[in-house]
Amino acid sequence: MYRRLASSLLGRRVRHPRFTPVCLRQDSGGCDRWEEEKKEDGVKWTQLEHRGPYFAPLYEPLPDDVHFYYDGKPLKLSLATEEIATFYAKMLDHEYTTKEIFQNNFFNDWRKEMTLMEQKIITDLDKCDFSEIHKYFVDKSEARKALSKEEKQKLKEEADKIQEEYGYCILDGHREKIGNFKTEPPGLFRGRGDHPKMGMLKKRIMPEDVIINCSKNSKIPKPPEGHKWKEVRFDNTVTWLASWTENIQNTLKYIMLNPSSKLKGEKDWHKYEVARRLKDVVQKIRAQYRADWKSKEMKNRQRAVALYFIDKLALRAGNEKEEGETADTVGCCSLRVEHIKLHRELDGQEHVVEFDFLGKDSIRYYNKVSVEKPVFKNLKMFMKNKDPADDLFDQLSTCILNKHLQKLMDGLTAKVFRTYNASITLQEQLKALTNPDDNVAGKLLSYNRANRAVAILCNHQRSIPKTFEKSMQNLQAKIDAKKQQVEEAKQELKNAEDEFKDTKDDKAKANVEKKKKLLKRLEEQLAKLNVQATDKEENKQIALGTSKLNYLDPRISIAWCKKFGVPIEKIYNKTQREKFAWAIDMADEDFEF
DNA sequence: ATGAACACTTAGTACCACACTT
DNA sequence: AAGTGTGGTACTAAGTGTTCAT
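Count along the first sequence starting at 1, add 106, and that's the number in this note's numbering.
Treat the hints loosely; a few may be bogus.
Only pairs whose alpha carbons sit at most 27 Å apart, straight line, appear in this in silico DSS-like list of lysine-lysine [stated by the list, open to error]: (1) Lys255 - Lys288; (2) Lys196 - Lys251; (3) Lys267 - Lys255; (4) Lys385 - Lys370; (5) Lys262 - Lys246; (6) Lys283 - Lys303; (7) Lys251 - Lys359.
Read the hints as simulated data drawn from the structure, not as lab findings.
Use the sequences and the hints to build the structure in full.
Rendered as structure tokens:
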């Protein structure tokens, strides 16, 4: 019943594309963008119906023959204590369980959940032996891997059923996929980088913690048997379906729609339209911040230098963070004196600023940049009489900066520069790198290089894959083998040509053609492998996905595909095509960012 | 004016299914 | 049939920026 309703909605949608390629520019006004009537300001939907979150499975106690040992002796733990012990036991071969902060945080939180008796006994983590529990879970995961095809199929069907039931909602008559419909299971918190809270206990989310958001007249989701929701509200000015407060940072978590949804798609489109508007005023803004480098007001100078960094280097804004609550990371406005070094001259360049700091996710930003002289002089001044740990821009905050930007352009904030510079860089690089005569593989290499230029600009890194060295060697071996084949084919061709010279007969001529074809094919294969190797090497430490998904206006890529006859599937996989459905619908080959 | 709360986007990693070898 | 490499995805942390409360 539910299914039939849903599929009929889907069917209808196919005949009425959700994203109509009209009226991208504000000045073309007056047309209806979407099928639905326009909503009041701030209203996100008129109908929202869903099943509520899918809760993490309850804890299953360990079998009786799996023991926890304290001080060498087996100790039967209470259910709650045992559950938390399993969280730690599962992580045993991770490096972070060796860190003191992790251990202390874990042990503290663990003890809080123990019975009085357990608290009395278990006083020293070093005396805890989780190895049997650890082994139990290793074996269990092995066993799951070893399951037969049929058994795996059955598990998958069960997962699909859950997805089908809980993974979708109805929003304004459309069945939309939900992004994260499951509550996060309990476990030990893992922050990124040097996180002061690593190892703390992340508690189980109960229905009593969850706020449901839906429309009044919809079927209100039922909490699990014997439970109640914390609250049911009907707030159509927000897009989330459910929320709860997590206990580590005391912040809210939300259940929201999948990026393929219309709601998210429109928002994404809007984001790129704002960035495109920046294109029209960016020269003016640049002229202005250059002028402000000489402002009488220190505040303005700091603002202007910071903005220069954000624009030129695509730095993040850098909000203030509560000290001691998170890893020590910074962005532009929160840079400290210790994060930059000034070199009047370095490697033949003048006025070089050497950046070295940890940014979002504790990813290191290291860069040596030659800056314009007034910037250099200003920086010197900002650093004067300060300790290394002092703020570089002590008179500036993201709030001040964004207020200033808002005056320069409606909707302009610091992050728009990142979007703008990423997208414009892709467009320029594609223009510069694409050779229309290349085959598809060659064009894709160009695309990847353009994408890579953006990823480098935005400092999107990844750890070098564990298998990198090995797979590179394998690829090299393939290349060598292919080279060998090419040489052989060359020789064979030469032989065939010699024979033809001698005999001049048709059979020999046909043989020459055959050998030529073979050689050509082999050479193409070799070229392809070489391209692969280059791409792989250049890419080993760079993550392309983040910029592709969040910073590059998809219409640039789609236009490029159309212009150069590259199938869109080569650039975007299925999920990405769903996310960028709006762009695929509207962009033609003439699209300019 | 300020800071906390809130809502939303952006981010890297672990893992797994699957294709491809061996 | 097992090993292996890889793309895709799930997961959830960590940012940004606005709004709310005082």
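Now the hints, each set against the structure:
{"no.": "1", "hint": "Lys255 - Lys288", "result": "holds, 26 Å"}
{"no.": "2", "hint": "Lys196 - Lys251", "result": "holds, 17 Å"}
{"no.": "3", "hint": "Lys267 - Lys255", "result": "holds, 18 Å"}
{"no.": "4", "hint": "Lys385 - Lys370", "result": "holds, 23 Å"}
{"no.": "5", "hint": "Lys262 - Lys246", "result": "holds, 18 Å"}
{"no.": "6", "hint": "Lys283 - Lys303", "result": "violated, 33 Å"}
{"no.": "7", "hint": "Lys251 - Lys359", "result": "violated, 32 Å"}
When each numbered hint is compared with the structure, violations occur for hints 6 and 7.
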